[in-house]
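*Asks:* Listed in order, the protein sequences are those of chains E and L. In my numbering, each residue's number is its place in the first sequence (first place is 1) plus 1. In my numbering, each residue's number is its place in the second sequence (first place is 1) plus 1105.
Keep in mind the hints are simulated off the structure, nothing from the lab. C-beta atoms are modelled at their ideal positions from N, C-alpha and C, and glycine is treated no differently. It is possible that part of the hints are untrue.
Unchecked claim - Straight line, CA to CA, 25 Å or less: simulated SDA-like cross-link-like pairs of lysine to any residue:
no. : chain 1 : residue 1 : chain 2 : residue 2
1   : L       : Lys-1241  : L       : Thr-1458
2   : L       : Lys-1166  : E       : His-30
3   : E       : Lys-73    : L       : Arg-1995
4   : L       : Lys-1166  : E       : Phe-102
5   : E       : Lys-73    : L       : Trp-1108
6   : E       : Lys-73    : L       : His-1174
Claimed, not checked - Now the in silico label distances, taken between C-beta atoms and shown as ranges:
no. : chain 1 : residue 1 : chain 2 : residue 2 : range
7   : E       : Arg-27    : L       : Gln-1847  : 58 to 64 Å
8   : E       : Arg-78    : L       : Leu-1192  : 52 to 58 Å
9   : E       : Pro-86    : L       : Ala-1159  : 35 to 41 Å
10  : E       : Leu-106   : L       : Ile-1500  : 55 to 61 Å
11  : L       : Ala-1123  : E       : Arg-27    : 30 to 36 Å
12  : E       : Ala-93    : L       : Arg-1164  : 27 to 33 Å
13  : E       : Gln-76    : L       : Tyr-1955  : 55 to 61 Å
14  : L       : Ala-1146  : E       : His-62    : 33 to 39 Å
15  : E       : Arg-27    : L       : Ala-1957  : 58 to 64 Å
16  : L       : Arg-1164  : E       : Ala-110   : 33 to 39 Å
17  : E       : Glu-43    : L       : Arg-1157  : 16 to 22 Å
To be verified - Which bits of chain E does chain L cover? Going by a derived footprint, with three or more residues having C-beta under 8 Å, they are:
no. : stretch
18  : 15–28
19  : 76–90
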Amino acid sequence: MGMDNLARELKRGSTELLILALLEDRDRHGYEIARLIEERSENAISFHAASLYPTLYRMEHRDLIEGRWVEKPGQRRRRYYRLTPAGRKALASQRNVWDTFFRGLNRVARIRHA
Amino acid sequence: MDWHARIRAALSSSASAAAPDEDVIEELAQHALAMYERTRADGLTADEAEARVAAQIARWKVDVPSLRHKVRRAAPIEPPPATSSSLFISLAQDLRYALRLIWRQPRFALLVILTMAIGIGATATLFSVTSGVLLKPLPWSNAERVVVLRETRGGSAPRFGSFSNTAYLAWREHTSTIDEIAAWTPQTFTLTGVGEPERIRMTAGTASVFRVLGVHPLLGSLFGDADETSPVVVLSEGLWRERFGRDPSVLGRAIQLDGVARTIIGVTPDAVAYPDRLSRAWVPMRVPLPNGNMLSMFEAVARLRPGMTAEQAATEGTARGTAAADTGMTTMAIFGMNGPVAVSARPLGEALTADVRRPLIVLLAAVALLLAIATSNIASLQLARATTRRRELAIRAALGATSGRVIRQLVVEGLWLGAAGAVAGFMVAWVLHRLARGVLPADFPRVHDITLDIRVVLFTLLSSAVVSLMFGLWPALRLRRLNLVESLADDGASPSGIGTRSAIARSRLLIIGAQVAIACVLLVGASLLGRSFIQMLHADRGFNPSQVLSTAIPMPGPSYNPQRRIATVHAIVERLGAMPGVRHVGFTSEAPLTPGGSTSSLTLPPLDGAGPRVVQASPRMVTPGYFHALGLAVVAGRALENSDTLTSQPVAVVNETFVRRYLGDRPLGVRIPMGVWGGGLQEEATIVGVVQDIRYVGSTVTSLPEMYFSTTQIPLGMRSTIATLLVRGDGDPSALASSVRQAIREADNTLGPSAIMTLEDRLLSTSLARPRLYAVLLTCFAVVALLVTGVGLFGVLSYTVAQRTRELGLRAALGARRRDLVALVLRQGMGVALGGVAAGLLTSLWATRYVATLLYGVSASDWFTYIAVPIVLLLVAAVACLVPARRAARLDPLRALRS
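Model the full assembly from the supplied sequences, consistent with the hints where possible.
*Replies:* In structure tokens, the structure reads:
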């Protein structure tokens, strides 16, 4: 696996993790997800909203999340995403993987992570 | 800025792929708009904000190929080939295919199976009760030849018992239509000498009872003609188990019944318990010879000679009874009339179950209606499903499957679901059946014969087969007319499919109309029985059962002699009277809610110049507080008082029936002898008051003449070994239970009172038990029916709204207001509901004739019911209509037309 490949896999994996984590406590729509990723990472993850929707649709296809149109009184119809049970499971296992990964990194390179 | 149009334009111009779905474009447009608003809010100019969004759109454009929802499709299920080599193979293919289709829609299958389980389970349970009680052969070996006898004089039935000793003895000597006649009478004894003292019901019978019924002992022997005066007892299997742990060595042991030792000689099986499972033992009885004017009354049964009919026996009985000696005034006292003797004979099965036949049939009909509602909901679901499967079936037909093959496949699907429903239904029936024995009132006949036997299994299978055929065949026949070209041409958007769809929608609305009608009938029945039950609960019984606690206190001999009993009773009254929260305390020698009790004959002084009369009345010994504790109204004179003592003039209080029957309009001051009951006491008591009769509401029992004497005036003490305590308190009576227990313990700590219950609970568990059971059951059925119907209506309307999306959208686009769209849907739903209610009410007017005999204080055409039921039904229907109607109103015309 070349460096490009690894970077792409990492990026894709981390994007999915971020989305899953954001949907953990409540359902959100696409724009909200994009904005939260940027805000919470203080723009450190310059997340290209361009790749957001393909990722969402892919995750939906893999049954990790579920999107549905929701009409709320006084609001426009919006597509909200929520975690499926499979998504919840995937979030837990990805957290675990990243946790192990960071601990390994830390031990070797003394990088601290929050 | 119309981001929607702009994004569509931008993404459609992509060279690499087709434009994304409308859905995706709308989502992106939402994103763009939110982004624009946010950027503006951050303080950027409109131009800058627009530029940012434009940049975003440009990035989306790159990604067009991946900007689409990937529809996840389940792997297609291969339909069976259109033609097969053999019927057996093709059937197997159909079975497998149907099972896989069902498996794919587990929620639909679950709904169907659950609905069937409830419907079939409830129906099978009631069928098993009905079959056990009404259809099964009776457990007695001679049952089909046993008749129950009743005697009338001048057409008037006796006040207690059914048959007189004079007619009995006359017939016993000469029988030609019957093999033998037997007598029995229910009795209550206090059982002591084995475990806790207990008041138990028994039957005193002639030895011939066992021969007439064909009862054989489980253990030991039964008493014979020579034993009719011996101190022996035959236990029931239940009593033998409870008191002796089925110990076979009980034979020869003695138990005490009301302080008299009786030797156990045998045990009878519970399966042949007679007259019901409440009777726990048999003691021998001898029919007394005619003694002057005295009539002795009891119940009688006889066994017909082979080939003889009940009518022939009745004719012979009437002839023998007429030939018997006249008993004059006593006949008047017991029959209220001294006309010609008539004897009737009724087959045992009919006599035993006469009281429950009507209610059981009504309940079975009700539960069958419930099953019909459940089934039609399934059929309606199947129809909805069939609509979405038109294309599948049309394709199969196009590939060469005959219409018979397609229908067969739908039927096979129905049968699979039906089989699962039958199994689930049988499991529900099994559970309900176990509950039923506990729920049925103690005096319900033939409870031992209620079993889940082969009849019930067959019934379950048959009903589920009918149900599944109905919901498999109906949609199949509906679809048989399906037009191949139309179905295939129908891409779900063109209006060409509307014809088939609305025909199915019409069928479903018709089903719903019928469901509403059935629910209406059930609700009317439930309301009538419920209101009748409430009327019984609050009926004027002559006394006031609320806020009264009661308990029976056994005081068996020999440790309690009559004087000690009275002293104990007075000690308890004194202690309880001083306790806070207690308003009145009273004791009685006879339980107040039990009609009859012991009767004594007494000679009354002449009335209007006639000679002295010998009459029958039930004497009761009570403490002065009794009338207040029970709330028994004094209609003339006064109640017994504490000032009536051994040294004052003896007094008595009688009830209204006593006055009406024996004393005419001047009851007060009449002197009646006490001696007949007081045990040789020659004194007379003066009647100082008249109290209301206790009315046995909801029962055929009528009040008997009763006379009350005060415990404070009887030096001989109390002969009854059991006394009933009544305590009227302030507020919630059950709060007094511990005070009552404490007072009894303080007075005498060897006493073991029975359960302390409120009088209302006692009523509910006895005379009100059956009416309550019927009302509760019918109400359960009606509520389930109402829910199922409401859900059905909701389902059908949602379905039609979804189908008419384009039409409704078009209407909205052409200027229909929301209100109009809501009205459109409501009109459809409420129209069906109104039609159903009208049909239901008409049916009810006819059907309620069958419950009329079960009603008390409510007429079968009760106006409240006929107003309340339609209101409830229409309210439920309105709620069910509202959600689909609101959905119709919220339709976005543009989107509806695009869909």
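*Asks:* Now look at each hint and say whether the structure bears it out.
*Replies:* Each hint, compared with the structure:
1. L:Lys-1241 - L:Thr-1458: holds, 12 Å
2. L:Lys-1166 - E:His-30: Roughly 20 Å separates the two Cα atoms, so the pair holds.
3. E:Lys-73 - L:Arg-1995: Distance of about 11 Å is within 25 Å: holds.
4. L:Lys-1166 - E:Phe-102: violated, 35 Å
5. E:Lys-73 - L:Trp-1108: holds, 21 Å
6. E:Lys-73 - L:His-1174: Judged against 25 Å, a Cα distance of about 23 Å means the pair holds.
7. E:Arg-27 - L:Gln-1847: 58 to 64 Å: Taking Cβ atoms as reference, E:Arg-27 and L:Gln-1847 lie about 60 Å apart, which means the hint holds.
8. E:Arg-78 - L:Leu-1192: 52 to 58 Å: holds, 54 Å
9. E:Pro-86 - L:Ala-1159: 35 to 41 Å: Given range 35 to 41 Å: holds, Cβ gap about 40 Å.
10. E:Leu-106 - L:Ile-1500: 55 to 61 Å: 58 Å Cβ-Cβ, so the 55 to 61 Å window holds.
11. L:Ala-1123 - E:Arg-27: 30 to 36 Å: holds, 34 Å
12. E:Ala-93 - L:Arg-1164: 27 to 33 Å: Holds, at about 32 Å.
13. E:Gln-76 - L:Tyr-1955: 55 to 61 Å: Holds, at about 57 Å.
14. L:Ala-1146 - E:His-62: 33 to 39 Å: holds, 34 Å
15. E:Arg-27 - L:Ala-1957: 58 to 64 Å: Once the Cβ atoms are compared, 60 Å apart, the range 58 to 64 Å for L:Ala-1957 and E:Arg-27 holds.
16. L:Arg-1164 - E:Ala-110: 33 to 39 Å: holds, 34 Å
17. E:Glu-43 - L:Arg-1157: 16 to 22 Å: The hinted range 16 to 22 Å holds for E:Glu-43 and L:Arg-1157, with Cβ atoms some 19 Å apart.
18. 15–28: violated (count 0)
19. 76–90: Coverage by chain L holds here, the residue count being 4 at a Cβ distance below 8 Å.
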